[in-house]
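S.K.: So the chains spell out like this:
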Amino acid sequence: MLEKTISRRTLLKGMTVSAGVFALAACAAPVAPSAAPAGGAAAPAQTPVTVLLWSSFTGKNGETETELVKRFNESQSDVVIDYQFQGNYEETAQKVTAALQAGTAPDVSLLSDVWWFKFYLNRALLPLDDLLNAQGVDVNDYQDSLINEGVRKGVHYWIPFARSTPLFYYNKEKWAAAGLPDRGPETWDEFMEWAPNLAEMEGEEMKTAAFSHPDGASYIAWLFQPVTWQWGGKYSDPDFTMHMTDELTVAAGQFYKDTVHTYKWARPSKDVQADFIGGLTAAAMMSTGSMGGIKANATFEFGTAFLPKKDHFGCCTGGAGLAILSRTPAEKQSAAMQYIAYASSPESTAFWSQNTGYMPVRKSALELPDMKAYFDAFPQFKTAVDQLPLTQPQDSARVFVPNGDQIIGKGLERITVQAEEVATVFAEVQATLESEAQPVVEALRAVEG
Amino acid sequence: MSTGALQSKRVSPAERREWWLFLLLVGPNILLFAIFTYWPLLYNGYLSFVRWDMLAPVKMWVGLDNYRFLFSQPEFQLILFNTFYFTIASVLLTIVLGLLMALLLNQSLRGRNAVRSIVFSPVMLSGAAIGIVWIYIFDPRYGLIDALLGFIGLNSPNWLLDGAWAMPAVIIVHVWKTIGYAVVIYLAGLQAIPRELYEAVVVDGGGAWSRFRAVTLPGLSPVVFFLVLTTVLTSFQSFDIIKVMTNGGPVNATTTLVFYLYEEGFVAFNAGRAGVASVLLFGLMFAFTLVQMRYEDRSVHYA
Amino acid sequence: MTSATHLVQESKQTSTKVSKSATTHWVGHQQSLVGRTAAYLGLTLCVLLIGLPVYWMISGAFKTPQEIYSVPPTWIPSQPTLASFPKAWNSAPFGRYYINSFIVTLFGSGFEVFFAVTSAYAFAFLRFPGKRYVFLLLLAALMVPVQVTILPNYLTVARFGWINTYQGIIIPGASVAYGTFLLRQYYRTLPTEIMDAARVDGAGHVRTLVSVVTPLAKPAIVSFALLSIVAKWNEFLWPLIVTNTKEMRVLPIGIYWLMVEEGTIDWGVVMAGTIFVVLPVLIVFLYAQRYIVDGIAAGAVKG
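Heads up: the sequence lines are chains L, C and W, in that order.
Here our numbering is used: the first residue of the first sequence is 1, the next is one more, and so on.
Here our numbering is used: the first residue of the second sequence is 1, the next is one more, and so on.
Here our numbering is used: the first residue of the third sequence is 1, the next is one more, and so on.
Treat the hints as calculated values from the structure; they're not laboratory data.
Even for Gly, the Cβ is constructed at its ideal location relative to N, Cα and C.
Honestly, I wouldn't trust all of these hints.
Heads up, simulated DSSO-like pairs for lysine-lysine below, C-alpha to C-alpha not over 27 Å straight-line [said to hold, decoys possible]:
| no. | chain 1 | residue 1 | chain 2 | residue 2 |
| --- | --- | --- | --- | --- |
| 1 | L | Lys-60 | L | Lys-172 |
| 2 | L | Lys-153 | L | Lys-332 |
| 3 | L | Lys-372 | L | Lys-172 |
| 4 | W | Lys-246 | L | Lys-60 |
| 5 | W | Lys-131 | L | Lys-60 |
| 6 | L | Lys-172 | L | Lys-70 |
| 7 | L | Lys-332 | L | Lys-70 |
| 8 | W | Lys-131 | L | Lys-295 |
| 9 | W | Lys-87 | L | Lys-70 |
| 10 | L | Lys-60 | L | Lys-295 |
| 11 | W | Lys-246 | L | Lys-70 |
| 12 | L | Lys-363 | L | Lys-382 |
| 13 | L | Lys-295 | L | Lys-309 |
| 14 | L | Lys-70 | L | Lys-60 |
| 15 | L | Lys-207 | L | Lys-172 |
| 16 | L | Lys-60 | L | Lys-309 |
| 17 | W | Lys-246 | L | Lys-332 |
Output of the computed footprint for chain C on chain L, the stretches with three or more beta carbons under 8 Å from beta carbons of chain C [what the hints assert, rightly or not]:
| no. | segment |
| --- | --- |
| 18 | 118-124 |
| 19 | 211-217 |
| 20 | 268-282 |
| 21 | 318-327 |
| 22 | 414-424 |
With the hints as extra help, turn the sequences into a complete structure.
M.R.: Written out as structure tokens, the structure is:
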């Protein structure tokens, strides 16, 4: 029968095909890092070391970081940085955590203010002092408030790179239309007088808000932190005693709630930066790191100012730094530090900060001629740098408690979005923070004694 | 399976060859399931009894602490509520709207096939891409929905940022994306109803309604069972749309069990709580499927 | 559901004709002008409900940024522009994403189809002690949401050294329960005479599978293959987790990041990007929708 002879052939063919499928899948090799050195035995001296760098920037900031890596790779022939974008700060930290499990962690990773500590606690970060010395890096030239945040027990683990602070941004056109002076409000009380003139209604709907609050995912807990300080409250003490339910912390929360639900000139937003660029909010507190994107996209003049005061002035640091993972092989460690030193050098930080709005992390960068010229050309950025010496380190509840930022952030969303009772919400947040802090306190005791 | 056991039943060599062939054909498939589906289930069960941040070298045994913790949290009750809200609303909308659309598309109308294609097409599209498109559509200022509501003089709610509207929004998208599937299955069911049954009703002088009551509905009952089963399971698992559109927010308004599981496992790194959530999720799905299968076995027996 | 199985049996080459004629027999008569008008209005409503969001995506991709952010929104791009497309293409390595999506889909679906064809044959035609329970074991996998398995699977894949590799993306999803179920149902509807004839001819099981069953079941296999292709193409969460270089990412992840990156600042670019993701699937759908729809319907109409 014809059918049978065919069937035999079909069968054989089928088997070959399926075997091929297996073979192909099995052989599909992992994609090698783009610039992997080829067979090094012949000329070991000339074989560059490839260092894997994971990072988190998109848009304008991502382009600038890519450019920085490119300049580094072209500047010397010993080290090649393989740069890989891993999503936002949270996603990068997730990838690093997962990769540590898998033994596929990068050599250098960008880690944000709320994440590096977790890796430190798990002994996943390399102490950097010897490497810093070997590279001849002057740690005293870094902005003290920034470099000291990455120090535990006198040892450096986390080198400032993309560090930022909250900053008050305002739309000059809206300011002029409301007849306001061309400056930020000195105090929140002053802003409360201005705000009703800034908000534009269209029937029942608010077309332009005077001010906008981000959501938890966009770090409302970071931006609200200085506000609690301005009111005289705080999230917590360094020893993890929580202060969410303190009268003054609750009062600051009540103010945030009132801006939306009582005064009705502020609103919660999914993307404050886009709203500001789109003219949908007249002012907002945003990271200095948003400045590059705003400058590139806004079609109007914008101004920047120190954060408004209440009873006190308060402003925190933020952003991300670079760390070397402790499993990085010895031969790559100094190459990794070579990149970190380059990326945070006065010249690089000047280039980086001018393009992104992140803080120049080196004191001497402020004295560079092109930095001075930039300050003159773009005073909005000067404001941010001037505010830097006034900043304080962040509360442990946000940066050291696992997911503390998101726990507080969700609480704040409940207040701004859902108009829930501030005291009740903060009490729940406090309870959660306390129970989540417990393992950290224990781990700290184990790690630091 | 020892050979002794096989021999005691006096198995013929031919039969034994058949068993081996069976194992050869089914084995790889089952093996992969064992590694990548069943082992993870067991492992999650184990994780639900430990505290582990996915970095520490040791997993600390905490007994039922994770379960106690979750069930004492009001947040977790909300998450369970959200899961049922999302599932029930999605299933009801899909079952009812899908039937209406299918009845319509079963008529001999011009352009019917083109409309069927359009109705079905969202099923084929990437959930991530669809979610992104709908963020734009739901935008209260320059989105499609606002433009449509504008025709009847209404303002759009701030869908994705309003705790009361975010869930309806993701349900709308989920139903929009999956309804074509229900329509296709209804249509298959409708076409499988023997037309003699309709003719009998017509001969008896019955109208459209009695045709529907006496023939269509009973004829569709197995299809409805099947659809309830599959839409419950797919709603339970819906993830892409929520991840892309709301990321579980505002606050926890759209956090379902699956989303919570992802958040605890891959964002907060509480492997223990993720373990509890996955044990629960699987338990719920398993129980539902068992009930459904039993009921189906008893109530509809064809062929 | 005997009529359905007959339909399926006859449908080898003529499935479209059969199903069409089955519907037109009993509907269509006795319809008043009012009824027909209402029906066409219903059709229009269906098209609008399902089609408008897709239209919004397409029109958004052709609008200038200024027009996208104008309030109220415009229905037709007043100055249509193609500028968003190159902008989207250049803001992410879409070429690479296409290649990766293609590879992952080809092999992912290849495995699924192979396993479905072989496993289904074993379940439909081979004897095996406790076969029913093995089948249930397989079906139970349908109830395990991918999200549940992700954390343990990540650890497993890491142990195999497969993170950020094609096999790491493909293998954990290579086994198949739905397709096995689907094809088993279909195989069981095949006329027993044909099977008997093959056996009388002395054909073994392997030959029967390859030369008798597979050709007869071709429509069902093609249907399942297309469903599998679409599912693999759209897969989101697992590739998101298991890849960590841009060289290995697939399209749905590319579009997700394009949105994260461009955000609500340039919807035109993001809409252009979503078109990159959905276009190939829509083309496949237009070309082969009959198979896809049949495949889905076959899953419901069980014997």
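S.K.: Decide, hint by hint, whether the structure agrees.
M.R.: Results for each hint:
1. Lys-60/L x Lys-172/L: Holds, at roughly 23 Å.
2. Lys-153/L x Lys-332/L: Holds - the C-alpha atoms of Lys-332/L and Lys-153/L are around 25 Å apart, at most 27 Å.
3. Lys-372/L x Lys-172/L: Satisfied, since the Cα-Cα distance of roughly 24 Å is no more than 27 Å.
4. Lys-246/W x Lys-60/L: The given pair, whose Cα atoms are some 18 Å apart, holds under the 27 Å limit.
5. Lys-131/W x Lys-60/L: Distance ~60 Å between Lys-131/W and Lys-60/L Cα, so the pair is violated.
6. Lys-172/L x Lys-70/L: With a Cα-Cα distance of about 37 Å, the restraint between Lys-172/L and Lys-70/L is violated, given a limit of 27 Å.
7. Lys-332/L x Lys-70/L: holds (19 Å)
8. Lys-131/W x Lys-295/L: violated (67 Å)
9. Lys-87/W x Lys-70/L: holds (22 Å)
10. Lys-60/L x Lys-295/L: holds (10 Å)
11. Lys-246/W x Lys-70/L: Given pair Lys-246/W, Lys-70/L holds - Cα atoms ~17 Å apart, limit 27 Å.
12. Lys-363/L x Lys-382/L: Roughly 14 Å separates the two Cα atoms, so the pair holds.
13. Lys-295/L x Lys-309/L: holds (26 Å)
14. Lys-70/L x Lys-60/L: holds (15 Å)
15. Lys-207/L x Lys-172/L: holds (17 Å)
16. Lys-60/L x Lys-309/L: violated (31 Å)
17. Lys-246/W x Lys-332/L: holds (23 Å)
18. 118-124: With 4 residues in contact (Cβ-Cβ under 8 Å with chain C), the coverage given for the segment 118-124 of chain L holds.
19. 211-217: Result for this restraint: holds, n = 3.
20. 268-282: Satisfied; 4 residues make the cut.
21. 318-327: violated (count 0)
22. 414-424: holds (count 3)
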